[in-house]
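Residue numbers (our numbering), protein chains in the order written: chain A, 1 to 479; chain B, 1001 to 1102.
Derived by calculation from the structure, the hints in this document are not laboratory data.
Some hints could be false.
Cut-off 30 Å, straight-line C-alpha distance, at most; resulting in silico cross-link-like pairs (DSSO-like, lysine-lysine) [stated by the list, open to error]:
| # | chain 1 | residue 1 | chain 2 | residue 2 |
| --- | --- | --- | --- | --- |
| 1 | A | K447 | B | K1096 |
| 2 | A | K360 | B | K1090 |
| 3 | A | K145 | B | K1101 |
| 4 | A | K145 | B | K1096 |
| 5 | A | K348 | B | K1090 |
| 6 | B | K1096 | A | K399 |
| 7 | B | K1090 | A | K145 |
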Amino acid sequence: MLDSLKLLYPEIFLSGAAMLLLGVEAFVKKNLRRWVLILGCGSLFFAMVLVLSLPTGNRAFGLLAIDNFSLFFKFLAILSCLLILCISENDTELMGDHAGAYVSLLILSTVGMLFLSSAEDLLMLFIGMELTTIPLFILAGFLRKELRSSESAIKFFLVGAFSTGLMLYGISYIYGLCGSTHFRVIFAWTQSQNVSNNALFLLGLFLILVGIGFKLSLAPFHQWTPDTYEGAPTPITAFFSASREAGVIVVALRLFSQTVDPGALGIQHTLILISILTMTLGNLIALKQENLKRLLAYSSIAHAGTLFIGLVANNSLGREGVMIYSLAYFLMSFGAFAVVILISRIKKSESLSALRGLSKENLGLSILMLFFLLSLAGIPPFLGFLGKWMVFASAIQAKLYWLVGIALLNSVVAVYYYFRMAHAMFFQDPDPSQSAIPEKLESLSFKLTTLFAALVLLILGIFPGQILSWIRISGAPLP
Amino acid sequence: MIGLHHYLVLSALLFTIGIYGVLTRRNIIGILMSIEIIFNATNINLVAFNHFLHGPGLWGQGFAIFVITLAAAEAVVGLSLVLAIYRNLKTVYVEKMNILKG
C-alpha cells in the first residue's frame, strides 16, 4: 500500500499543488499572478524531479505500471505543461483575474496524462482520460465572454462526453466477458478463446477504439478538432495537441502491445484504413485553410494519422518511433503555436496573411518559425524527420509496404502547405494595414521556450544517438 | 425469473436510446441527457455482469461508482459550458453554434 503510494508521488504532489492554487484563487482577493506562475512552474519542476527519481519496473496497486516507457511520457506531459504555462505568462486574458484557476486546471489535466501514461487497466484508462479532458473542456471555454471560445468548448465537450460514453459501454462488455478490466487478464482471456469470432468482444473492442479514435481525432471522428482548435485560446490549443499525442497515444500503444494484437484479431485492415483516411483527409483539407490555427489543426490530424502507423505496425520499432515522434511533434507544434500566439497578439489576426513579410519585420522570428515548419514537414536534419522515418521503418518491418507508400505521398502533400506559410513569410510583403512585429521582442519567456524547443529539435535531430539508446531501453513495456 | 439477459437487453435499449438522442436532439440539454443515458446503460451492464457472472468480487460495482462520479463531474462542467454559451448566444440549439466552420 505505502510502496504503491510512493510510486504515485508526482501525481499526488501535482494534485496537491493544483488544489493549493485553486484555494489561492478562491480565498485571496489580491491578484497574485506572479506568485501563481512561480508556484505553478516550481511545482512542475519538482514533479519532474520526482518522476525522474521513480524506481522503474514496478506496479502501483496493480493498476499503474511505472516503467521507462511511462516515465518518458510522464516527463513529456510535465514538460508540455511547463512550456504552455511559460508562453501563456503574458496572456492578460488567461493569466488575468483567474490565473490561479487557469494554472491549476492545466496542472490537473497534466495529472490525468500522468495517470494515462501508466494506465494498465481499463478503469485507469477511463479515469485518466476523464481527468485529462474535463479540465480541458473548461480551459477551451476559459474566455467566457467570447462566443468563439464557448462554442469551441461546447463542441469539444459534446464530442468528448459522447466518445467517453461509447468507450465505457465497450469496457462494460469486455468486463462482462473477461471478468476483469486489467490488460493482462484480458490478454490471457483472449489467448484462451477464439476471440476473432466472438462478436461481443469485437463490439466492445470496437467501441473502445471509437472512443480512442475520437480523442486522437482520427478520421472519421475528427470533425470536432478544427473547430475546437480554432476557437480555444491559442495556448490551450497548443496544449491540446500535446495531451492528445502524449496522453492518448500511450494508452493506445499499451492496449495494442499488451492486450489485443490487431493482426491476430483480423482488424489490422480496418486500422490501416483509418490511418490512411486520417492522413489523407487531414492533409488535403489543410491545403486550402486560410486560418493559421485551423491549418495547424488539420496538420495535427494528419500527424495523428502518421503516428497511428506506428501503432498499426505494433512492433518495438513502432513503439520507439511513436515515442520519438510524439516528442518531436509536441516540440514543433508547440513552437509553431507559440509563434502564432505572438503574431496574432500583435497583428490581431490569425489568418495566413498575418505571416506575410515576417522576414522583413523580424528575421529571427521568421527563421525560428521556418525551423518548426521544416520539422513539421519532416525534413532532415530535424527531429520530426527522425520520428517519421522510424515510424515508416516500423511499418516496413511489419511488411505494410503500400501503407508506407501512401504515407510518403501524404508527406509530399504536407510539404506544400508548410511551404505556403514559409513562402508568405519570406517572399511576400507585409500587410500595411496590420501593425508590424517589432525588431526586438519583449517577452523573455517566449524567447526562452521557443529557442529551447528549436534547439532540442535540431540537436536531437543531428545527434540522435543518446536519445535513441534511451528510447530503446524504454520501448519495451513491462511484460 | 429475471436473469442476466433481461438486464443486458435493458441496457442495450438504453444505449440505443442514448445514441439516438445524441444524434437527433438539437437542444444541448437534450444531448447531455442522452449522454447520461449512455453512461447509465454502462452502469447497468457493469453491475449486472458483476452480480451474475463475476461475483462475489465487487470490481464491476466499484467501476460503476467511478462512472457515476465522473459522469456527475462531467455534467457539472457541461452544464456550466451550456450556461456560458447561453449568455453569449441566448440559445441552446446546436444549429445556431456555427461561427466556427470551414
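CA of A/K447 to CA of B/K1096, is that 30 Å or under? The hint is violated at about 40 Å.
For a C-alpha distance cap of 30 Å, please report whether A/K145 and B/K1096 respect it. Status holds; Cα separation ~17 Å.
Restraint check for B/K1090 with A/K145, where alpha carbons must lie at most 30 Å apart: This hinted pair holds, its Cα atoms lying about 13 Å apart.
Mind checking the alpha carbons of A/K145 and B/K1101 for me, to see if they're no more than 30 Å apart? holds (20 Å)
Need the status of pair A/K348, B/K1090: alpha-carbon distance at most 30 Å? Roughly 27 Å separates the two Cα atoms, so the pair holds.
For the pair we were handed, B/K1096 and A/K399, check the Cα-Cα distance against 30 Å. violated (48 Å)
Pair hint A/K360 and B/K1090, alpha-carbon separation not exceeding 30 Å: violated (45 Å)
Hint check: violations occur at hints 1, 2 and 6; the rest are consistent with the structure.
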